[in-house]
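Line order of the protein sequences matches chains S and G.
Read left to right, the first sequence gives residues 0 to 321 (numbering that gives the first Met the number 0).
Read left to right, the second sequence gives residues 0 to 321 (numbering that gives the first Met the number 0).
Some hints here could point you the wrong way.
Given that identical chains are not distinguished, each listed pair holds provided it fits within a single copy or across any two copies.
[As the list claims (entries may be wrong)] Below, in silico cross-link-like pairs of lysine-lysine (BS3-like), each with a Cα-Cα straight-line distance of 25 Å or less:
(1) Lys52 / Lys128
(2) Lys134 / Lys52
(3) Lys315 / Lys52
(4) Lys63 / Lys133
(5) Lys69 / Lys257
(6) Lys88 / Lys52
(7) Lys128 / Lys230
(8) Lys247 / Lys133
(9) Lys134 / Lys63
(10) Lys65 / Lys257
(11) Lys65 / Lys230
(12) Lys230 / Lys19
(13) Lys315 / Lys230
Don't read these hints as lab results, they were simulated from the structure.
Protein chains: 2
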Amino acid sequence: MGRVAVTDGMSPDAISMLEKAGHEVIIEHHDDDRILEGSLSRFDAVIIRSATKLYANQIKASVKGKGGVKFIGRAGVGVDNIDLDTATKHGIVVCNTPGASTKSVVELTIGHLLASTRHIATADRTLRKGEWAKKRLRGSEIGGKRLGLVGFGRISRGVARIASAFGMEIHAFDPYVKADNEGVIMHNTVEEVFKICTHISIHCNLTEETRNLVNSDMISLMPGIGLDGTKCGNHIVSCARGGIIDEKAACEALESGKLSSLALDVFDIEPLGDSLLLEQENFHGSPHIAASTLEAQDRIGTEMASLLIEFFEDGKPSYSIN
Amino acid sequence: MGRVAVTDGMSPDAISMLEKAGHEVIIEHHDDDRILEGSLSRFDAVIIRSATKLYANQIKASVKGKGGVKFIGRAGVGVDNIDLDTATKHGIVVCNTPGASTKSVVELTIGHLLASTRHIATADRTLRKGEWAKKRLRGSEIGGKRLGLVGFGRISRGVARIASAFGMEIHAFDPYVKADNEGVIMHNTVEEVFKICTHISIHCNLTEETRNLVNSDMISLMPGIGLDGTKCGNHIVSCARGGIIDEKAACEALESGKLSSLALDVFDIEPLGDSLLLEQENFHGSPHIAASTLEAQDRIGTEMASLLIEFFEDGKPSYSIN
């Protein structure tokens, strides 16, 4: 049984699963300096979320000969804070829990889409200022419009299913998904999707291919007039990763009216400090909370605990990244 | 052909339908004093929304002998601003357009529900203040929970269909709907619904039966723990009519934590002035915009224009309230 460092918190149920399986669990944040001095090398496994960074040097400092960290668990989805190559080179197994937050992200995506098209954040903001802005808060329906999905993995499919129930026509681009999917129209280029869709939701990873993918050229393709003939404008939502949407280009498009709304849960720089976005009336945002639900955190924790237990009992978990 | 007063605005398409059918349309707001002095008696028909009030005295002032108003069109749903008895007594046909805004109201209801469970208004409010409130904005999923619908008409059924797609279990109470409806569990009392549902959406009319229906006794019945075992708290949404939810009781329940969120598009007094609601972090609201979409306003206008044209051509419209 192992000694496990939990550096960014974990659900109580998951901690107790680990302890019942005989592991020693130490819940404590390790800052970067301590990690570089080898503070994690006294552990057999480490479970992180997004706050702890395990780049090459941090990983090297966490192994010593045949001792030190043998298992890195990312409780969540994104592994951009882990150097997978270095981990693999040192024989460290890396696991994440990609499915556990799907439902929560789908719900926030649809929530942000409706909040955009119906001005929910602005409505509340003006009410609180004592203004009854009924006249200028005319919105538009999502039913009868085309939703374009950039990326067509687990979350995107969930969004497609719900958006279909609202009566949207679903279009998607994903170079790694070839087959047509029930009712979803797949495209060969991302430009094709932007050209015909008034509503876009981003669901891809941040890679060199996708960095600043949504720039002013891409936004300029959007049609502004819905499938049903309504002049509903153009709307973009992202609960994926910062850096995929060029924030400066998006602000310019909001100012020119080319973009009617923008809703973001993720940003180039997080926490979001001073940003041009916050000067835009038709932008609204949330602080990277797509997976921040009681249910997702419980599922993430218990899935991660199961993977770690399997690793120490069977030598390998039922699922790993490397 | 008739002389038609449009007092609260109407979509351009609808105006041009009326004019093409040979009617003279005068778009102009009539304030209450002018109406009481008989300003509408020079018209054969009047089309209003919610701003113009046609109570008994206003209607009496709008008829003269066999002349004056013979048709009142309410472009929208609620007819609480029209005295139907007086209209009927004077042989005035009253029409509304109950179906035209259904889809828009359904979308805002789901939008408000997700905005509540995921703190979308608070998220944007704190971001704009420069705060990264990720930790305290943990939400909960609607999937796996019970949604209780008070009233089970057109809009409520639309909400039920979408909420089912999210994986909610649907419960409803409506004394005027007896049969079970596909997948929806009907109850004999409204208390039964509140007792088992963590999420409630209001979809009834404001009547003497429903005034202050959602009071502190009713809220105190709510379970706080979801069907799936999550401690998600209790959530109430209303895009129906002000006066059904006792706002003071709801504020107290928000303060005590019995209610985790409240989202309202409608209020006791509109426009909403100073209100205790605005002091609640977990309240968010919108200024009665459930039907304020391009699509609903277009459908409302063209449906109302058709009814008026039928009335003048055939002596009666294909649908009327009285």
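Status of the hints after comparison with the structure:
| no. | hint | result |
| --- | --- | --- |
| 1 | Lys52 / Lys128 | neither (41 Å within a copy, 28 Å between copies) |
| 2 | Lys134 / Lys52 | between (48 Å within a copy, 19 Å between copies) |
| 3 | Lys315 / Lys52 | within (23 Å within a copy, 73 Å between copies) |
| 4 | Lys63 / Lys133 | neither (64 Å within a copy, 35 Å between copies) |
| 5 | Lys69 / Lys257 | neither (51 Å within a copy, 46 Å between copies) |
| 6 | Lys88 / Lys52 | within (18 Å within a copy, 77 Å between copies) |
| 7 | Lys128 / Lys230 | neither (29 Å within a copy, 32 Å between copies) |
| 8 | Lys247 / Lys133 | between (30 Å within a copy, 23 Å between copies) |
| 9 | Lys134 / Lys63 | neither (66 Å within a copy, 34 Å between copies) |
| 10 | Lys65 / Lys257 | neither (58 Å within a copy, 54 Å between copies) |
| 11 | Lys65 / Lys230 | neither (64 Å within a copy, 44 Å between copies) |
| 12 | Lys230 / Lys19 | between (59 Å within a copy, 24 Å between copies) |
| 13 | Lys315 / Lys230 | neither (55 Å within a copy, 34 Å between copies) |
When held up to the earlier numbered hints, the structure conflicts with 1, 4, 5, 7, 9, 10, 11, 13 and fits the remainder.
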